[in-house]
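Throw the hints in and build the complete structure from the sequences for me.
Going left to right, the sequence shown walks through residues 21 to 260 as the numbering used here numbers them.
Some clues are possibly wrong.
[Unchecked claim] Taking lysine to any residue and the SDA-like style, the derived pairs with C-alpha atoms no more than 20 Å apart in a straight line are:
(1) Lys88 / Met44
(2) Lys218 / Ala116
(3) Lys181 / Ala116
(4) Lys218 / Ser175
(5) Lys149 / Ala132
(6) Lys149 / Gly103
(7) Lys181 / Thr108
(8) Lys149 / Asp115
(9) Lys181 / Asp211
(10) Lys149 / Thr194
(11) Lys149 / Asp211
(12) Lys149 / Ile185
(13) Lys218 / Arg111
(14) Lys218 / Pro178
(15) Lys181 / Ala215
(16) Lys149 / Gly139
(17) Lys218 / Ala132
(18) Lys88 / Gly48
(19) Lys149 / Ala190
(20) Lys88 / Leu43
(21) Lys218 / Leu233
(22) Lys218 / Arg67
(23) Lys181 / Leu233
(24) Lys218 / Asp228
(25) Lys149 / Ile104
(26) Lys88 / Asp115
(27) Lys218 / Arg134
(28) Lys181 / Arg100
(29) Lys149 / Arg134
(30) Lys218 / Ala69
(31) Lys39 / Thr105
Since the hints were made in silico from the structure, they are not lab data.
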Amino acid sequence: MSPCESALTLANFATTPAKGTPLMVQYGNGLAAPLAWIDVAGHCSGRFAEGTLRNAQTKQRLTVLAGKFGQSAPEVTPARLDGITSATIDRSALDAMAIAEDRAGFALEVLAARGVTAGATLTLSDMHKTAGQQLVSLANRRFSDSGSTADAGDSQDPRQKVYAIDQLLADPTTIEDSEQTVPTASAIEMDCARAEIKAVADSTSQSDSDTLLVLAALAAKHAYTAFQLGYPSGDSALFA
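In C-alpha cells form, the structure reads like this:
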C-alpha cells in the first residue's frame, strides 16, 4: 500500500470500532489513531483538513476513555515549531498561519488581562505568539535560501500585532460559533486551527509530506486545545 493507503487503513481501524467492541479494547486500539490521522493529513492529497481535525477528535476521545480507566491523557507537546528549520510551501501559506497565530495570541492576551475568560492565559497567548514568530522566520529563511528575487534580501513580517477586540469585549465568556454557543477561549483556538488549515488548503505550491505533517500537527494542537476548553468535538460544526 502507498503511505496514504496505509495511514487511512490504520486510522479508520483505530477510530471506528466494530459494534459491541468493549470500551477497553476501543481505548487500546484507539491509541494509534491520532498519529495515523496526522499521517493522513501529510500523505493523502486533499485530506489535510480531515486528518488534522480527526487527530484532535481522537485525542479528545482518548482523553475521555483514559479517565474512565485511570490512564493518562494523550501527551501533547507545546503548539510551537521548535527545532523546525525549513518548510516547503508557498510564502502566502506561512504568512497566513503567522497571522492566525498572532491574532489568537493577541485575543488571549486581552482576555487574560480582563480575568473573566476561562482558559485565556498569558501562557497560551505567548505560545501562539512564539509560533507566529517561528512561522515568519521559516518564511524568510525559505525564500532567502531559495534566492527568490521577489523576497531575497527582504525580511517580511505580515503580523499586525494589534487586532479589533469589539466582539471579544462584548462576549468574553461565551460566543456564537458555527450556529452554537461555545466558550470564547475555545472559539479562539478553533478559529486559529481553521485559519491554518485553510492556509494550507489554499496553497498553490507543491508541498512535501514532511512539511504537511509539521503544519498538520500544529493546527491539530489548537483544535485539541479548543476541545479541552469546551468546544464540542462532534462533526456537525467541524466539517460543515
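Okay, the hints, checked on the actual structure:
1. Lys88 / Met44: holds (9 Å)
2. Lys218 / Ala116: holds (9 Å)
3. Lys181 / Ala116: holds (14 Å)
4. Lys218 / Ser175: Violated, at about 24 Å.
5. Lys149 / Ala132: holds (14 Å)
6. Lys149 / Gly103: Status holds; Cα separation ~16 Å.
7. Lys181 / Thr108: Cα-Cα ~26 Å, so violated.
8. Lys149 / Asp115: This hinted pair holds, its Cα atoms lying about 13 Å apart.
9. Lys181 / Asp211: Roughly 17 Å between the alpha carbons, so the hint for Lys181 and Asp211 holds.
10. Lys149 / Thr194: violated (23 Å)
11. Lys149 / Asp211: Given pair Lys149, Asp211 holds - Cα atoms ~15 Å apart, limit 20 Å.
12. Lys149 / Ile185: holds (17 Å)
13. Lys218 / Arg111: holds (14 Å)
14. Lys218 / Pro178: At roughly 17 Å apart (the allowed maximum being 20 Å), Pro178 and Lys218 satisfy the hint.
15. Lys181 / Ala215: holds (17 Å)
16. Lys149 / Gly139: holds (16 Å)
17. Lys218 / Ala132: violated (27 Å)
18. Lys88 / Gly48: holds (13 Å)
19. Lys149 / Ala190: Roughly 24 Å separates the two Cα atoms, so the pair is violated.
20. Lys88 / Leu43: Satisfied, since the Cα-Cα distance of roughly 9 Å is no more than 20 Å.
21. Lys218 / Leu233: holds (15 Å)
22. Lys218 / Arg67: Roughly 12 Å separates the two Cα atoms, so the pair holds.
23. Lys181 / Leu233: violated (27 Å)
24. Lys218 / Asp228: holds (17 Å)
25. Lys149 / Ile104: Given pair Lys149, Ile104 holds - Cα atoms ~16 Å apart, limit 20 Å.
26. Lys88 / Asp115: violated (41 Å)
27. Lys218 / Arg134: violated (30 Å)
28. Lys181 / Arg100: Holds - the C-alpha atoms of Arg100 and Lys181 are around 18 Å apart, at most 20 Å.
29. Lys149 / Arg134: This hinted pair holds, its Cα atoms lying about 19 Å apart.
30. Lys218 / Ala69: Roughly 8 Å between the alpha carbons, so the hint for Lys218 and Ala69 holds.
31. Lys39 / Thr105: Distance ~45 Å between Lys39 and Thr105 Cα, so the pair is violated.
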